[in-house]
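Each chain sits in its own coordinate frame; assemble them with the hints.
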Amino acid sequence: ILNVEQSPQSLHVQEGDSTNFTCSFPSSNFYALHWYRWETAKSPEALFVMTLNGDEKKKGRISATLNTKEGYSYLYIKGSQPEDSATYLCAFPDDNSGNTPLVFGKGTRLSVIA
Amino acid sequence: EAQVTQNPRYLITVTGKKLTVTCSQNMNHEYMSWYRQDPGLGLRQIYYSMNVEVTDKGDVPEGYKVSRKEKRNFPLILESPSPNQTSLYFCASSFQGRYTEAFFGQGTRLTVV
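These protein sequence lines map, in sequence, to chains A and B. Take any residue in the first sequence, count from 1 to its spot, add 34: that is its number in the numbering used here. Take any residue in the second sequence, count from 1 to its spot, add 174: that is its number in the numbering used here.
In isolation and in its complexed conformation, chain B is listed as follows (with noise of 0.2 Å):
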């Protein structure tokens, strides 16, 4: 099945801790993003990437961190989380950014106290 997969789906951590969540897709596609969802803010894009070892940066990327080591994996680390990454985030892939559509993973609900 295709299908995008997030890990973990829900997260509370403390202030500084470093988190890692993972995304792995399995349909080869070369574009990979993260996006991070606030109440009145819609969905606002952290970082991308178009291939392997090809990255950068979003509307909104200060805190976080991306690698695109391989094509199926794309990984968003905080390196020292703060409060106001308190958000629900989306990892999204698809074949060619612009005109194919994007497959979403299930999301991560993350809690930063």
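The shape of chain A in the complex, shown without the other chains (with noise of 0.2 Å):
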């Protein structure tokens, strides 16, 4: 089974502050790495599907980096609010088993103190 790694398991901040996490996949084989963001009592929701080493994706205050070469890619939240608390999921294809659906990290849970 694949092991998609994220740290930390679960963070607090202060409304303004700027934060970011990791998720650690494995290196080989890569195809595509996504993040996703998950209020309490909702769905995950997609923020982020990347493919290319080097790729920044930007939505809003929320960015997020890739390197392939090394499996990790970082999630960055600039002027952190109350709204952006949340887990925030990293999710990694099980090429293994060939074209399969998403294997997920345990996630990070955010809480931003207002």
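Keep in mind the hints are simulated off the structure, nothing from the lab. Given the structure is predicted, the values throughout are model-derived calculations rather than measurements. Hints should not be assumed to be uniformly reliable.
Claimed, not checked - Below are the EDC-like pairs computed for lysine to aspartate or glutamate, each with C-alpha atoms no more than 20 Å apart in a straight line:
1. K93/A / E275/B
2. K191/B / E175/B
3. K91/A / E275/B
4. K76/A / D212/B
5. K76/A / E275/B
6. K92/A / E275/B
7. K76/A / E175/B
Dropping the structure here:
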């Protein structure tokens, strides 16, 4: 079973702080790396799908970078707001089983304190 | 509106009583999958389907069945539910499994007593 690691498990920041967290994945046979945001009592929603080494994507105050050679991706949130409080998941296709859906990390739970 | 619809949202049932959780998507996606979410374990894949009549086991398939008779529907069947299947279940679909974002249903909170 593929292993996708996320760190830290949880994070508490003050409103206005910038923060970042990490997703580590196997660097061999890279296909794509997904980031999702999951608010309590809702469903996960896609933030980014990244496919190229060195890729950087941005959506508002949230951005992500990708290093496929060393097997990690960073998610950055600039000027955190209480509405950013959520669990952030990364996911990686399990190539050993063919063209399959995604294997998810356990997530980083972000709490932004007003 | 593009969406993945799961039903029911909440279900309490007794051990051994067969149940089906329905999942339907209106985006003409080929890929559909079922996940369960348990505290400390994250989202774990139960079954997935790459197209009509094509299904395969994920990481935790024991005790579950699926079918894909139509492209839009991917029901999850528990023939004889047990308490260890108490969990939060999500159905998801995507246009192409690896390279496109997954869309999730609203989730089904299942309790087996």
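Consistency of the hints with the structure:
Between K93/A and E275/B the CA atoms are separated by roughly 15 Å; this keeps the pair inside 20 Å, and the hint holds. Using a Cα cut-off of 20 Å, the hinted pair K191/B and E175/B is violated, with the two alpha carbons roughly 34 Å apart. For the hint pairing K91/A with E275/B, the CA-to-CA distance comes to about 14 Å; that is within 20 Å, so the pair holds. A distance of roughly 15 Å separates the Cα atoms of K76/A and D212/B; the hinted pair therefore holds under the 20 Å criterion.
At most 20 Å may separate the alpha-carbon atoms for a hinted pair to count; K76/A and E275/B meet this at roughly 17 Å. At most 20 Å may separate the alpha-carbon atoms for a hinted pair to count; K92/A and E275/B meet this at roughly 15 Å. Pair hint K76/A plus E175/B holds up; C-alpha atoms about 17 Å apart against a cutoff of 20 Å.
The earlier numbered hint that this structure contradicts is number 2, and it is the only one.
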